Structure formats: structure tokens, C-alpha cells
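Peer 1: Below are the chains, spelled out letter by letter.
Protein chains: 2
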Amino acid sequence: MVCKIEKQTGVAFILKKGQNLKVIDPQGEQVSDMVLFNANDVREKISSGKTLDFEENLLITKGNFLWSNRSRKMIEILEDTNGRNDFLLAPCSPETFQIMYKNPKYHPSCFENLYTNLAPYRIEPDDVPTAFNIFMNVQFQPNGKLSVDPPTSKPGDFVLFQAKMDLIVALTACSAEDSNNGSFKPIHYEIL
Amino acid sequence: MVCKIEKQTGVAFILKKGQNLKVIDPQGEQVSDMVLFNANDVREKISSGKTLDFEENLLITKGNFLWSNRSRKMIEILEDTNGRNDFLLAPCSPETFQIMYKNPKYHPSCFENLYTNLAPYRIEPDDVPTAFNIFMNVQFQPNGKLSVDPPTSKPGDFVLFQAKMDLIVALTACSAEDSNNGSFKPIHYEIL
Numbered sequence: 001m002v003c004k005i006e007k008q009t010g011v012a013f014i015l016k017k018g019q020n021l022k023v024i025d026p027q028g029e030q031v032s033d034m035v036l037f038n039a040n041d042v043r044e045k046i047s048s049g050k051t052l053d054f055e056e057n058l059l060i061t062k063g064n065f066l067w068s069n070r071s072r073k074m075i076e077i078l079e080d081t082n083g084r085n086d087f088l089l090a091p092c093s094p095e096t097f098q099i100m101y102k103n104p105k106y107h108p109s110c111f112e113n114l115y116t117n118l119a120p121y122r123i124e125p126d127d128v129p130t131a132f133n134i135f136m137n138v139q140f141q142p143n144g145k146l147s148v149d150p151p152t153s154k155p156g157d158f159v160l161f162q163a164k165m166d167l168i169v170a171l172t173a174c175s176a177e178d179s180n181n182g183s184f185k186p187i188h189y190e191i192l
Numbered sequence: 001m002v003c004k005i006e007k008q009t010g011v012a013f014i015l016k017k018g019q020n021l022k023v024i025d026p027q028g029e030q031v032s033d034m035v036l037f038n039a040n041d042v043r044e045k046i047s048s049g050k051t052l053d054f055e056e057n058l059l060i061t062k063g064n065f066l067w068s069n070r071s072r073k074m075i076e077i078l079e080d081t082n083g084r085n086d087f088l089l090a091p092c093s094p095e096t097f098q099i100m101y102k103n104p105k106y107h108p109s110c111f112e113n114l115y116t117n118l119a120p121y122r123i124e125p126d127d128v129p130t131a132f133n134i135f136m137n138v139q140f141q142p143n144g145k146l147s148v149d150p151p152t153s154k155p156g157d158f159v160l161f162q163a164k165m166d167l168i169v170a171l172t173a174c175s176a177e178d179s180n181n182g183s184f185k186p187i188h189y190e191i192l
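For the protein sequence lines, the chains are Z and W, in the order given. The opening residue of the first sequence carries number 1 in UniProt numbering; numbering runs sequentially from there. The opening residue of the second sequence carries number 1 in UniProt numbering; numbering runs sequentially from there.
Any given hint might turn out to be false.
Since the list gives no way to pick out one identical chain from another, each pair is judged satisfied if it fits inside one copy or across any two copies.
Stated by the list, open to error - Lysine-lysine pairs mimicking BS3-like chemistry, simulated, CA-CA at most 30 Å apart:
no., residue 1, residue 2
1, K73, K4
2, K73, K22
3, K73, K164
4, K145, K62
5, K105, K4
6, K22, K154
Calculated from the structure, these hints are not laboratory results. Model, not experiment: these values are computed from the prediction.
Kindly generate the complete structure, drawing on both the sequences and the hints.
Peer 2: If you want it as C-alpha cells, here you go:
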């Protein structure tokens, strides 16, 4: 059954060890931030630093694993029809819009959509780590300069994951203008 | 007063808002992993994801700030005589040596040296974030491939930081062969 994440919202759910998760960009050019926690001990969680270290690459795609802060494999990427994701940048937060977009007004954010959906699992805002940003197109130059470019994902592109432990998964349909080529669209997912 | 961190060890101390911290590589080619916590609330801590996002660069040096998970500036880099640091890779841990070095025996690690020195501040191993790796030379290719190369730091090179809030600072003299061109040396620091 395909589940829908409305634009600028999020969800959290349990994914059991061995289950597959398909995250789909139904309209194209839409990012989904994902964080993972060990369902049996939420102090263990996804780690960008451990993943980049063990996978020895900035660009995480098919064949790579996402690792935890305890140096264990949490999930494997079995398929990736688009092939561009980001694991450098933190989820957009209220401060992202205040500081980087110079927008002092309320703005929905992945950070809020992650921590509000994770609250029932007793996960607090301070516990939200750097997310694996599915379909996010962050380009880097040889001098290190980073830019957030429009996603290259086309309608129907997906990333297929397989859980290596029982997980709490939180997913968003990202709320930041720059990450999604200026418009906000839904994300679909399916547990297989 | 110059304080010495012996090879393959670490320290933790308080740095008050406005104080400067000079981290020195006395012999050259030696990395120092640094983590930061808000001294008044250790749930606020250094964030690679927030720093790379706000500074819009993979290479953090003079003029950049290190930001917290709450999107606040923790420390500023006032000087950097070497100019190459890393903020991608997690501190070397026992699993680094088991998995990447294929070494099943006990090996000192930055992770152990961070959490043992942070224990008196009630900071636990799971709370240790991705460190700012001073003098660490991680090269990235256009295809994302990462390599840990010998540091470019020469004897006496230093990075000078200024605290933007009261901080708990933990520092190591890194324990990983690949990060330090195959030998282990001390790190010096000075609070100014």
C-alpha cells in the first residue's frame, strides 16, 4: 500500500529488520529527509560522520549502507533510480529560514516535521541528527563551496531501502524552497 | 601556559565565552579531534550538518563558525596557519580499527579518548557527535570518493578559536594511523 506524505509535512513509523522501504518522488524535484533510530534503543541513531567514514564517499547511493553512531549498519540501499542524495546538510529548521532565507515569519521545516512526528517515541528535538536527504542535490566544488541545486529526480523515481535492524523511521516532504526548485510537493512511501 | 596532550590521549576543559583557544601541532602532521558542548546545557553540541549548511562550505577555516544542533554559533575560527581541517568524518573508534583497518586487537581511539574525558561532565559515549578534525586532510573527488591523506600541517601550525558561549571542549591527539601519516604525536593547546 502506497502511503502519502502531504507537502511540507512528515511521518514516523516502525520498519522491522528485513523489511524494505520504498521512498518515491511522485512528481519529481522533491526532497525527503530521513532519520533512523534503533527501535529498541533510541540512543542509537543514524550518523552522517560514521556513514561517510565507512562508505568512503560523499555520495551515498545503491550498494551503500547508512550506519549508526554505534558503528552498526542500520539500512542498506538496494535501488536508487535517481542516484543523487545528500548526507552533508542538517534538516531545514526555523533558523534556516530566519538566517539563510532572511525570513522572520513562521515557515514549516523538516526539523519541526521530524521532531513532532518522533515525539510519541520519546525522541526530543535535540536528539534529531543530520538527516539522509533523499533526492537532495547538493553540489560541491573543489574549493569546498556547497550549493543546493534543483533535484534531478523525475516523477516516479525511488530509493529502495532494506532494514538491517528494527528501526523507527521518520520521513518528510521537505519544506525548503531552494531544495525543491521553488515548489512543495508530496512524497510517497511503501513498506514491502 | 601551553598544555600538552600526549600522543593517543585526550583532555576536556571549560572555555568561557570570549576566551580564545589555540590548538597547536608541535611536530607537524598530527590531527586533533575537537567536540564542543554548551557548558550550561550539554544537550546543545557541535553539529557538522548545521555548520556545513550555514557556512556553505565543506572546508571550514579562518572566518568560519562552528554551529550547534540548535543553530547557534559556538566558536569562531580567528586564525588557521595550516588551513586544512575536516568536518565530514566521525572520530576514530574501536570499530574503525576493526572494520577499516582489519585489526581485531585493542587500539586507542579518539572516540574513547573523547568519552572518557567527557564522563565527568555527564556526557555519555552516545552523546559524542561528529568532531571537528583539526589539521585532518580529507580529500574529496568530483565523484564523491573520500581519502584520508597525510596532514599538510608543519611544526608550530595552529588554529585559534574564540568561544561564543561557555563551552565544554574535548580535544584529542588522534590515534589513527592513516590520519597522521603513520605516526602518533602530541598536540598542544593554550587558553588565552
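Peer 1: Looking back at the hints listed earlier, which ones does the structure fail to meet?
Peer 2: Result: no hint breaks.
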